[in-house]
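FYI, our numbering numbers position 66 of the sequence shown as 66, with every residue one higher than the one before it.
For the record, the hints were derived by calculation from the structure and aren't laboratory data. There could be a bad hint or two in this list.
Unchecked claim - With a straight-line cut-off of 30 Å between C-alpha atoms, the simulated DSS-like cross-links for lysine-lysine are: (1) 5 - 26; (2) 413 - 341; (3) 5 - 93; (4) 78 - 7; (5) 7 - 93; (6) 392 - 341; (7) 433 - 413; (8) 78 - 93; (9) 360 - 392; (10) 413 - 7; (11) 433 - 392; (12) 341 - 360; (13) 78 - 5; (14) 413 - 5; (15) 7 - 502; (16) 433 - 360; (17) 26 - 78; (18) 26 - 93; (19) 7 - 26; (20) 231 - 341; (21) 433 - 5; (22) 502 - 433; (23) 413 - 392; (24) 502 - 5; (25) 360 - 413; (26) 413 - 26; (27) 433 - 7; (28) 502 - 413.
Bear in mind the structure is a predicted one, so any value in this text is a computation, not a measurement.
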Amino acid sequence: MSIIKGKILDDRYEIIREIGNGGSSKVYLVWDRHLERNWAVKEIRTASCCEGPGPTRGPENEIRKWQQKLYAEADLLKQLNHPAIPMIADILKGTGEEEQNLYMVMEYITGLSLEEILESGRPLSPEEFFRTGIQICEVLEYLHSQDPPVIFRDMKPGHVITGSGGEIHLIDFGIARRYTKGKLSDTETLGTPGFAAPEQYGKGQTDCRTDIYSLGMTLRRMLEACPEMGKRKKKALCRILHRCTEQDPERRFGSCAELENELQRLSSVRGSYSVIPAITEPITHLTFHKKQRQYILAGVLFILLMCSGGHIMIQGTSLFADEREYHQLIHYSGSQSPEYKIENCRSAIRLRPEDPAAYKELLRLYEENDCFGSEESAEISAYIESSREDLKTQEGYEDLILYLGKMYIYMYKGSEDFQTRLLMAEPWLEEVKDSGKEAEDFVLLASFYRNYVLPGVKMDQPGAQDYRDLLLSIENCLDDRENDISSDHPYSRLSFLDELGKILYSQSAGMLLAG
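The task is simple: from the sequences and hints, build the whole structure.
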């Protein structure tokens with residue numbers, strides 16, 4: 001039995017929602033009532049890990065094994081200090097029916113996993129590919145530089161979280177361990193099929209090159225999602241990734257630092273068809289001087305063009321073309337299919353990520369086609385998070401965030417549970433609650449629901465002022481708004497009204513007592 005929403009752990013951590021499920025463990029978003037901040041709690045269900053036949057399964061032996069696994073993971077993380085590795089705050093033991101469970105309280109990492117981004121179908125830009133790959137190299141090199149080295153052993157897209165600024169975090173150190181030379185007994189069949197190195201399936205010893213193999217497979221997945229990568233760069237990357245994923249560890253890169261240097265050098269090469277000296281054929285002495293003369297002549301011509309003001313004309317033409325293309329993408333789809341229009345919006349966002357117009361058009365298409373589910377939620381959230389700072393400076397940003405919050409309340413298909421939809425909308429609406437009464441009403445409603453209605457929450461009864469604020473917010477929510485989402489979706493509005501009625505009914509006795 002797992003913990004439920006609204007439950008309080010250790011009289012301190014309030015469960016908000018489940019944010020991850022790994023079979024033998026779950027991860028929850030919690031609110032720390034003492035420090036007034038969010039954490040993530042990883043729950044290890046030791047009893048469920050031990051189901052199955054055999055004399056050593058089920059009872060204490062396996063339970064102790066999984067408890068030791070969690071403690072080992074926590075101890076390992078506590079010894080590490082890197083911005084891309086989550087911080088550990090606390091270890092808790094379960095009580096009652098969950099007394100055999102353990103809970104690890106750790107830093108809450110916001111963002112999308114690389115797996116979610118790849119599964120969404122959104123293409124990666126070459127810049128994203130190199131930035132992400134280089135950062136993963138850096139954090140793995142940090143682990144491998146420990147004494148003794150820490151081997152992650154389960155590198156895959158699902159264990160990389162990408163933040164709003166493009167920064168990455170490495171999560172789930174469940175099977176990581178410190179390297180012990182010559183020790184083969186700790187090399188079990190671990191890792192994820194398709195990413196695990198060959199030595200993880202046999203009697204070979206895992207070491208730093210095991211992580212390089214898995215990183216190579218991860219980068220290969222990313223490269224498949226990067227259609228804009230130039231031909232020569234892509235060919236060079238294929239050679240690099242082939243070396244990462246050699247069956248024989250001796251033929252792979254010797255360190256992540258070495259792999260990072262290759263990615264850094266390749267990322268600095270300009271143009272889709274640039275020559276890459278270290279990867280292509282050697283340049284002879286005569287060829288070099290011939291090319292050198294060509295480059296000098298081209299450089300002189302370029303300088304003359306700059307001096308004549310030609311660059312101004314070129315730049316102006318380019319900007320005009322971009323502006324025209326942007327508006328065509330979001331306004332002139334005609335009778336094309338919904339999928340075509342949505343893809344046009346995605347292209348418009350990539351072209352001008354700082355303009356809220358394309359984001360709002362994408363939400364409108366989600367609404368129009370009644371297709372705002374978990375994948376669409378992940379997609380639009382990733383787009384906004386990656387450009388939030390630039391978006392905030394633009395007119396229309398607050399309208400965009402309000403629109404998104406209301407989409408969760410009225411149109412979200414990822415959950416039929418009203419409390420889930422309302423709580424998913426709350427952080428977005430909280431950001432813009434001072435911009436207009438409508439967002440403030442929804443935030444107040446969500447706050448009342450979270451504090452007094454959710455099952456398992458033990459707080460003081462709401463007072464008379466709490467009830468007055470609740471009634472006022474409900475009254476405002478009931479007001480007819482011609483441009484409101486719900487006016488075009490009667491069933492969604494009826495469902496919303498039904499939930500408001502349930503809240504009023506459940507609080508009727510308290511209202512009478514409060515006067």
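For this session: May I ask which of the numbered hints given earlier this structure violates, with the numbers listed in increasing order?
Result: Of the numbered hints given earlier, the structure breaks none, since each of them holds.
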